[in-house]
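Sequence order for the protein chains is S and W. Counting in the numbering used here, the first sequence runs without a single skipped number right up to 112 at its last residue. Counting in the numbering used here, the second sequence runs without a single skipped number right up to 1393 at its last residue.
Rather than coming from a laboratory, the hints here were simulated on the basis of the structure. C-beta atoms are modelled at their ideal positions from N, C-alpha and C, and glycine is treated no differently. Check before you lean on any hint, since a few could be wrong.
What the hints assert, rightly or not - Stretch by stretch, here's where chain S covers chain W in the computed footprint (C-beta under 8 Å, at least three residues):
| no. | segment |
| --- | --- |
| 1 | 1284 to 1298 |
| 2 | 1301 to 1309 |
| 3 | 1321 to 1333 |
| 4 | 1379 to 1387 |
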Amino acid sequence: MVARVQLPEGARRGEVIAVRIAIQHPMETGFRYDRMGKPVPKNVINSLKVRYNGDEIFSAEFGSGIAANPYLQFFTIAETSGELVFEWVDDNGIRGSERAAISVTD
Amino acid sequence: MSSPTRRRFLSVVAGLAAAPLWPVHTAHAQDDPFAALVRKITGGAAVNSGRVTVDTPRLADNGHSVPLKVSVASPMTPGDHVRSIMLLSGRNPRPVIATYHLGPRAGRAEVATRVRLNGSQRVLALAQLSDGSYWSGGAEVEVTESACLDAT
């Protein structure tokens, strides 16, 4: 699964920064039928966790009401330079992850 | 002949005529598609309206991907912050769209995403604060092409 994370290039300590992630995924609802008339089983990214230098700062659970190729923006306080790690899993148990570096100045 | 059966029949008919045709509260419950679901989530706790804002386009051409932003008025301090935000749909086959867990380290209680909507409806966001209280706010969205009528 391909994902793209967007963070500001640099931040001051204590600054509230926007974190954006978009993950390539069909987010199958389970309500669709294929060309042969067979139902396409539900398969969505059901959970996402975000850690900032090891501490969990954000998590989410998704249903089929989230659009395909899920996009998410949330905020976090820039504390120290380091890394944000995003980890997610879909209904088929396929895991994905992405990381992004953040540099924080005083 | 006035049989007991006939008398009982008449009394049942009279009883039906006196009773209202449906419980008085049903009409109100139908106005609010979220009532039962919200009660299940909160365990019956009171839900305050306010503090929660849902931003969506008033008119969405396409229900497959509707941009949506939820924000909650909160200082986001360790003592007073938003613990979670649930996004609920009034008309989707699965009413819970997503749940977000936040904390004081978020700095700002705001989440943006893109949702699928099965037709025009009201979308509700339900936030739980660190003191356990629930707040909600919503928005009406007109959807001209539903997400669930896709043939392909």
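Open item on the list: Is the listed coverage of the segment 1301 to 1309 of chain W by chain S valid when you require three or more residues with a beta carbon under 8 Å from a beta carbon of that chain?
Closed with: holds (count 3)
Open item on the list: Verify this for me: three or more residues of the segment 1284 to 1298 of chain W with a beta carbon less than 8 Å from a beta carbon of chain S.
Closed with: violated (count 0)
Open item on the list: Quick check: do three or more residues in the segment 1379 to 1387 of chain W have a beta carbon closer than 8 Å to a beta carbon of chain S?
Closed with: violated (count 0)
Task: Coverage claim, chain S over the segment 1321 to 1333 of chain W, checked by counting residues with Cβ within 8 Å (three needed) - done: Holds, because 3 residues of the segment 1321 to 1333 of chain W bring their Cβ atoms closer than 8 Å to Cβ atoms of chain S.
Hint violations for this structure: numbers 1, 4, all remaining hints satisfied.
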